[in-house]
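Respectively, the protein sequence lines represent chains U and F.
Residue numbers for the first sequence follow the numbering used here, beginning at 674 and rising by one.
Residue numbers for the second sequence follow the numbering used here, beginning at 674 and rising by one.
Keep in mind the hints are simulated off the structure, nothing from the lab.
Treat the hints loosely; a few may be bogus.
[Stated by the list, open to error] Quick partial rundown of chain U residues pointing at chain F, CB under 8 Å, derived from the structure:
| hint | residue |
| --- | --- |
| 1 | 680 |
| 2 | 685 |
| 3 | 689 |
| 4 | 733 |
| 5 | 737 |
| 6 | 775 |
| 7 | 778 |
| 8 | 856 |
| 9 | 860 |
| 10 | 880 |
| 11 | 883 |
| 12 | 886 |
| 13 | 923 |
[What the hints assert, rightly or not] DEER-style ranges, computed between Cβ atoms:
| hint | chain 1 | residue 1 | chain 2 | residue 2 | range |
| --- | --- | --- | --- | --- | --- |
| 14 | U | 741 | F | 747 | 46 to 54 Å |
| 15 | U | 807 | F | 825 | 42 to 50 Å |
| 16 | F | 688 | U | 823 | 36 to 44 Å |
| 17 | F | 741 | U | 752 | 46 to 54 Å |
| 18 | F | 911 | U | 925 | 20 to 28 Å |
| 19 | F | 768 | U | 679 | 37 to 45 Å |
Ideal Cβ placement from N, Cα and C applies to all residues, glycine included.
There are 2 protein chains.
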Amino acid sequence: MTTRVVLHPIRGLPLVRPGDDLAELLAASLAADDLSLADGDVLVVAQKVVSKAEGRLVRLADVTPSAAAVDLAARVGKDPRLVEVILGESRAVLRTVPGVLIVETRLGFICANAGVDHSNVAGDEEWVALLPADPDASAATVRAALRRRSGAEVAVLINDSHGRPWREGAVGVAIGAAGIAAVADLRGRLDLYGRPLRATTVGTIDELAAAASLVMGQADEAVPAVLVRGVAFATDDGGARAVQRAAGRDLFR
Amino acid sequence: MTTRVVLHPIRGLPLVRPGDDLAELLAASLAADDLSLADGDVLVVAQKVVSKAEGRLVRLADVTPSAAAVDLAARVGKDPRLVEVILGESRAVLRTVPGVLIVETRLGFICANAGVDHSNVAGDEEWVALLPADPDASAATVRAALRRRSGAEVAVLINDSHGRPWREGAVGVAIGAAGIAAVADLRGRLDLYGRPLRATTVGTIDELAAAASLVMGQADEAVPAVLVRGVAFATDDGGARAVQRAAGRDLFR
C-alpha cells in the first residue's frame, strides 16, 4: 500500500565548520524540529555541509597552478588556481565551454567543475569546497551515528545538483548513500495485467535526492538536510557508486 | 519559509479508456481520497493514463513496417512493426543497442523507444501506447478543467521515466507542464554570505516529476497521479518544452 510521502526540511543547523560532528548537529536540529527518526526514514544531507564538516576546503592563495591548468584556464576564462584544483579532483576533462569544465571526477561523477564551488564556503572568495573524498563512507558514518543515537534503521543520502545532457536546469542527484539500494531492480515484476514490466531499473536514490533538492532549494545551508518519510526502499547497500554506469555500458561517452 | 512538502498518492482511478475525461476521473479520485485542490498544489499525472485517455494506442497488427524498420529491427532484435511505430514518433535515431533505440522524438525528448511501450496497455500484447501528441497541451487541458471545478490555482505535470547517460536507473521527468515555470532561474540570487549563487538554473518540474515517480513506483496505473503540496514555484508558463536544451547548447550530442 503506497502511503503519502512527507519531506521535512531540517533547519536550524549552525554554519558548519571543519571538524564539526555532523551527525550530532543533525540530531540536534531534528530534535529542535520535534522530529525523531523512525525505521524507514531517509535523511538527505546537502553535499556542501558534509564537505565543510570534513574540512574539504582549499584556499586558492595556497595553490600553484600547473602549466596545463594555466592553459586550460585561459581557454575557458577561469581562475588558473581554481582550474588546478578542479583538475586535481578529475580523472578526465570531457568537454569545455566558457566558464565550465565538464569532467569525470576521481569518484566517477560526470559534472561541472568537479563539484568544486565557491559559494557558501567560509564567507571568503579565496576558499573553495571540494566534494567529500568518499561520499559513501561519509553517508555510512552519519548513518552509523544516527542509528546509535536513535536505534532507528534509517538510510542516509548525500545530494548535490548536477546539470544534464539534453535538458536545462540542474537536478538533485545522490553522490553518497548508506542503508539503501541505489537502484531498484524491477525486472521480473508484473504490471496490472500480469505481464512483465519493460522498464528494468529505477534510480531510487536519485529520485530521493531530487525530491530533497526541491525542499532545500539552492540555499542549501538554510535547509541543509531533508527527512523523507514514507518511501519504501530496498536496504541492500552498495553505495551511490552503484549508480555509476561503466563507460562500456554508456552510449553517450 | 520552507515548509514541509507532502506527496499524496491518488489512487482509485478506474482503468482509463480512450475518450475518458481524465480531469473528471482525477477529480473523483481526489474527492474519494478526501483531498481538495488548493492554490499552489501540483498534480503530477503519469504519461500512460494521459496517452490512454487520448487514445494514443496503436495495434501492431495494423502496422506495415517499412524496409528501414525491418532492417533496424533485425539489427536490434525488436518487432519490425514496433520499430515502425517508434520511427514514426522520432526525428532521429541517436544510438542503438540490442532491444533499445535511443531516439530524439518528434516532441524533442531523447529517450528509449520514443516512449512507445507495451506495458499496462489494454491487456493485449498487440497494442502499444504512444506519448501524448502534445503533452503541454494535455497538461493545460487537465489544468483548465481542474481549475474550473475547484477554483484553485494549480499546476499540472505529466511525467514519464527516462534513462540517462552516465547513471544507472530511470528517473521521473516532466514531459508536459501547465501553470508552472519549467526551470527556476536563480541567477542574481545571493547565498548566505551575500554573494551571487554560481548555479544558474534548477530543473524544477523534473525534480517534481522525480518526486512523484517515487510515489507512483513503476506500477503507474495503481498510483496514476500524485498531488504535491508545499513546493513554491514560479507560474510563468512555458510548458515542459522549455526544458529541452537546443542541440547547439548541448555538449553531449
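Quick check on the hint: residue 860 of chain U CB to chain F CB, less than 8 Å? Cβ of residue 860 of chain U sits 11 Å from chain F, so the hint is violated.
Would you settle whether the hint for residue 737 of chain U is holds or violated, based on the nearest Cβ-Cβ distance to chain F being less than 8 Å? Check failed: Cβ of residue 737 of chain U comes no nearer than 24 Å to chain F, outside 8 Å.
Would the hint on residue 923 of chain U stand, with a C-beta cut-off of 8 Å toward chain F? This interface hint holds because 6 Å falls under the 8 Å limit.
With respect to the beta-carbon atoms only, verify the hint that residue 807 of chain U and residue 825 of chain F lie 42 to 50 Å apart. 46 Å, holds
Would the stated hint for residue 880 of chain U survive a check requiring a Cβ distance to chain F of less than 8 Å? Given a least distance of 4 Å, the restraint on residue 880 of chain U holds.
Closer than 8 Å between Cβ atoms is the bar; does residue 689 of chain U clear it against chain F? Give me holds or violated. 11 Å, violated
Residue 883 of chain U was flagged as interface toward chain F. Is the shortest Cβ-Cβ separation under 8 Å? Hint on residue 883 of chain U: holds, closest Cβ of chain F at ~4 Å, below 8 Å.
Once the shortest beta carbon distance from residue 775 of chain U to chain F is found, is it less than 8 Å? Check passed: Cβ of residue 775 of chain U comes within 6 Å of chain F, closer than 8 Å.
Quick one, is the residue 778 of chain U hint okay against chain F at 8 Å, beta carbons? 11 Å, violated
Within 37 to 45 Å or not, the Cβ separation of residue 768 of chain F and residue 679 of chain U? 39 Å, holds
C-beta pair residue 741 of chain F, residue 752 of chain U: status relative to the range 46 to 54 Å that was hinted: 51 Å, holds
Go through the hint on residue 685 of chain U and say holds or violated, using the shortest Cβ distance to chain F against 8 Å. This hint is violated: residue 685 of chain U lies away from chain F, its Cβ roughly 12 Å from the closest one there, beyond 8 Å.
In summary, the numbered hints that this structure violates are 2, 3, 4, 5, 7 and 9.
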